[in-house]
Each structure stands twice: as C-alpha cells, then as structure tokens.
Amino acid sequence: MSKLPRAAELGLIRCHVCALVCRDNQVPGAACPRCGARLHRRKSASYSRTAALLLAAFIFYIPANLLPIMRTASIGEVDDNTIISGVVELWVKGAPDLAIIVFTASIMVPMLKFSVLSVLLVCGKCSSNWAQHQRARLYRLVEFVGYWSMLDVFVVALLTALVRFSVFSSVEPLPGVVFFGLTVVLTMLASMSFDPRLIWDCGCDDE
Amino acid sequence: MSPAPLLVCEHCDTVYRRIPLARGQVACCARCHFVLERHHRLSANGLLALTATAMVVFIQANIWPIVTLGLNGQQSSATLWGTIIAMWQQHAQIVSVLAAATLFFFPLMKMLLFGWVFWFARRGERGPGFRGVMIVLHYLRPWTMSEVFMLGVLVAIVKARAYFEVTADPGVFAYAVLTVLITVFAGVDFRQLWDVTAERKP
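First to last, the sequence lines map onto chains A and B. Here the working numbering = 1-based position in the first sequence + 27. Here the working numbering = 1-based position in the second sequence + 5.
These are calculated hints, taken from the structure and not from any lab test. Please note that the accuracy of each hint is not assured.
To be verified - Rough simulated footprint, nothing fancy, chain B against chain A, three-plus residues with beta-carbon under 8 Å:
hint: 1; region: 46-52
hint: 2; region: 58-68
hint: 3; region: 137-146
hint: 4; region: 151-157
hint: 5; region: 171-178
hint: 6; region: 191-205
hint: 7; region: 215-225
What the hints assert, rightly or not - Some residues of chain A that are not near chain B, with every Cβ distance over 10 Å (derived):
hint: 8; residue: F85
hint: 9; residue: G103
hint: 10; residue: I128
hint: 11; residue: V129
hint: 12; residue: A163
hint: 13; residue: L186
Even for Gly, the Cβ is constructed at its ideal location relative to N, Cα and C.
Take the sequences, apply the hints, and build the full model.
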C-alpha cells in the first residue's frame with residue numbers, strides 16, 4: 028500500500044452527493060446510508076459519456092463560429108457579426124482590455140476545454156501516468172472557467188433587449204448564438220461527466 | 006454531532022484523517038492539491054443573514070432596469086426579464102430558456118433552499134425535506150451564472166457606447182453586489198451541514 032492510501036485500497040467509498048465515507052460492501056446498487064444516493068466508485072461510463080458530449084459540443088462549435096451571432100441594423104445598413112468580428116470590433120473601438128476578456132471567454136476557454144478533455148481522455152485510455160499533477164490541475168482549471176463562456180450569449184441577449192429603436196437601430200440574435208449556448212452547456216456536461224480520479228487510477232507516481 | 010473522522014479527496018480518492026482547522030486554514034490533498042476542506046468563518050446564523058441579503062439584492066437586480074440607452078431623445082432600457090422575453094420573441098428560445106434558468110430560476114431556488122437549511126441549522130437541526138433539498142443543491146451548484154451576466158452587462162455597455170448614450174441603472178449595481186455575495190458563497194462547502202446537523206428529535 029502506498030504512503031497515501033486510496034479509498035479503494037481501504038475498502039472505502041465516498042458518496043458523491045453528501046461526501047460521506049462508507050464501507051464498500053461490493054453490492055451493486057448500494058445506496059448511501061445518509062442521503063440515499065447510489066454509491067459508485069467511479070462516475071459511470073465516464074470515458075464514453077465525456078467523449079460523446081465533447082464530440083457533440085465540438086460539432087455545435089463549428090456553426091457557432093461560422094454563423095453570425097447577431098445582426099445590427101440601422102437606417103438601411105445591416106451588419107452581421109460573428110464571435111470573431113465582435114472581438115475585432117471591440118479591439119478597434121478602443122476597448123482592447125474587454126476584447127481580450129471576450130476573446131478568452133468565447134474562443135480560448137472552449138478551445139482549452141476541447142484540448143484538455145481530449146488529452147485527459149486519451150491519457151486515461153492509454154493508462155498513462157504521464158504528468159498526473161499537471162493533468163489534475165488542468166481539469167480543475169476547466170471545471171473552474173467552464174461557464175464563463177456564456178459571456179457572449181448574455182451580451183447578445185442584453186443588446187437585443189436594449190437596442191430597440193424601430194427603424195433607426197435594432198439588434199437581433201442569429202442562429203450562431205443558439206449553437207454557441209448549446210456548445211457551452213455541452214462542454215460543461217462533458218467536464219462534469221469526466222471522473223478526475225481516473226487520472227490517478229493507472230498507478231500514482233508520487234511515492 | 007462530531008464530524009466524520011475520515012475525508013476522501015473528491016478528485017483522486019485519497020483517504021485522510023480529518024483534523025480540526027484553525028481560522029483561515031485550508032486542507033489540501035497531498036496528492037492532487039484539490040481543496041479538501043476550508044475553515045468556516047461564518048456560522049449558520051451568518052450564512053442565513055448572507056442568504057437573506059442575497060435575496061434582497063437579487064430582487065432588486067431583477068426589478069430595476071439594468072442599463073438605459075438613449076438615441077435622438079428616445080430611451081430604451083432593459084431588465085433581466087425584458088432580456089429573457091426579447092430572446093424568446095426573436096426566435097432564440099433555447100437561449101431564452103438557458104438565461105431564465107441560469108440567471109433567474111436556479112439562483113432563486115438556490116437562495117430559497119439555502120435559507121431553508123440554514124434556518125434549521127442554526128440550532129443544529131434538519132428541517133423537513135432536508136435530504137431532498139441537499140441533493141437538489143448539490144446538482145444545482147454549477148448552473149448559476151449571475152456573475153457571468155454581470156460581466157456581460159459591462160461588455161454590452163462598452164459595445165453600445167459607440168452608438169448610443171448609455172446610462173447605468175440601479176440594476177447593474179445590484180448585480181455588482183450580488184457578484185460579491187456569490188464569491189463569498191463560493192467558499193462555503195454546504196455539504197458540511199450533513200455533519201453538523203442531526204435529525205430533529207420527535
């Protein structure tokens with residue numbers, strides 16, 4: 028047994044809902060005595076669920092970037108904005124700091140999630156114990172920043188509600204924003220269905 | 006009731022003996038550095054007060070307009086619900102539902118349920134439905150996004166400034182306060198309520 032014992036080695040199991048540490052009776056479908064949630068040693072079908080959700084998110088991410096997310100119209104002039112053109116516009120209009128924030132939230136964070144979760148899936152499938160600490164840290168980062176990608180969706184929603192000057196000026200949402208919203212939700216579900224304990228299941232190199 | 010003697014790291018399954026933490030101390034997993042436990046500065050009473058504050062601010066953030074735009078003497082302002090309804094009418098129903106859930110219904114539920122469990126936790130008791138409430142709270146945790154909306158408001162203000170006269174309304178300040186309160190709550194592991202409360206004696 029290693030210096031830092033793991034729950035499975037001691038025959039213990041932690042309830043994922045209420046965090047109670049129980050004895051693992053090896054009974055399938057056993058429930059937590061405190062909150063009644065079903066006990067499981069690892070999140071069920073973690074790899075396939077994460078992979079499926081990640082793939083779905085990636086498929087939605089393509090139209091989210093290619094299709095325009097909002098249309099601004101003012102007397103005779105119609106302008107369709109994509110995520111990238113919105114960032115460029117902020118940069119040119121003299122708010123480079125906000126342009127960086129929006130770029131991070133809308134482009135960097137989703138890309139980071141796709142790449143980090145893919146690396147985690149591949150390393151897990153290969154039972155590799157390469158860079159475990161770094162992978163654990165990356166997973167925590169992805170969990171933490173995940174929902175900030177909704178930023179652009181809320182910006183479009185707010186501008187739609189605000190800019191309503193009939194023919195003079197109006198903003199309407201376009202399909203890109205719907206795809207983007209779905210991408211964010213799917214990537215959040217993907218990172219939730221990944222079980223970080225799998226990173227450490229292929230032997231721990233910390234002793 | 007004393008807390009359980011063992012802790013298991015949520016992220017790597019390492020088992021620890023629980024030790025009492027002093028003020029400001031944080032227990033970190035030695036293997037993966039995930040935060041196992043924090044010392045709680047606030048009692049159930051303090052948390053109940055914070056929840057009530059958050060509730061008041063939340064109501065204000067929802068009733069008051071957030072921003073007003075002006076163009077050639079015309080004015081247009083928006084509230085959170087105005088935003089949700091506008092998205093629904095403009096054929097982005099999915100976004101509208103997402104916004105309604107993550108900015109209104111989930112935060113509201115969270116505050117009401119927190120209020121419920123903290124109210125009883127002041128005397129170390131569990132109120133009726135404690136188990137169900139705690140399970141709902143566990144699943145709601147990642148799905149509230151008011152702080153993202155706050156940042157979205159700022160970005161929208163800057164974008165609109167190029168074309169309109171922009172006035173920040175009281176709603177945006179309410180959102181700012183709400184963001185601070187959410188940050189305070191983020192450090193609270195409400196699951197410890199399982200350890201510090203007991204079923205009410207009949």
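Evaluation of the provided hints:
| no. | hint | verdict |
| --- | --- | --- |
| 1 | 46-52 | holds (count 3) |
| 2 | 58-68 | holds (count 4) |
| 3 | 137-146 | violated (count 0) |
| 4 | 151-157 | violated (count 0) |
| 5 | 171-178 | holds (count 5) |
| 6 | 191-205 | holds (count 8) |
| 7 | 215-225 | holds (count 4) |
| 8 | F85 | 18 Å, holds |
| 9 | G103 | 15 Å, holds |
| 10 | I128 | 7 Å, violated |
| 11 | V129 | 6 Å, violated |
| 12 | A163 | 4 Å, violated |
| 13 | L186 | 5 Å, violated |
Hints 3, 4, 10, 11, 12 and 13, counting from the list given before, are not met by this structure.
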